[in-house]
Amino acid sequence: MPKIKSNSGAAKRFKRTANGFKHKQSFTSHILTKKSTKRKRQLRSMNQVASCDKPLIVRMLPYV
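Numbering-wise (full-length UniProt numbering), the sequence shown opens with residue 1 and increments by one.
Hints in this document: simulated from the structure, not taken from any laboratory.
Note that CB positions come from ideal geometry on N, CA and C, so glycine has one too.
Some hints could be false.
Said to hold, decoys possible - Here are the computed distance ranges between Cβ atoms for each label pair:
1. 37 / 59: 21 to 27 Å
2. 32 / 55: 30 to 36 Å
3. 32 / 53: 25 to 31 Å
4. 3 / 34: 43 to 49 Å
5. 52 / 31: 14 to 20 Å
Said to hold, decoys possible - Listed next, the in silico SDA-like pairs over lysine to any residue satisfying Cα-Cα at most 20 Å (straight line):
6. 24 / 45
7. 38 / 5
8. 3 / 56
9. 15 / 56
10. 22 / 52
11. 54 / 8
12. 5 / 15
13. 15 / 32
14. 24 / 41
Let's have the full structure, built from the sequences with the hints guiding it.
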């Protein structure tokens, strides 16, 4: 059987951890003047992917 291709967009966005996947927050790239410092600081961190979305990511990244 041939190998399955990974989804290249998903490969750039998600990283594997021991418990699942982590991803970067959205809303951090532009129009930052109206966002508070606290909001921007809290958006910096990486978040866990929700458990309901995990099967979709596993399907897009079969060998990760």
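Kindly indicate which numbered hints from before are broken by the structure, ordering the numbers from low to high.
1, 5, 7 and 13
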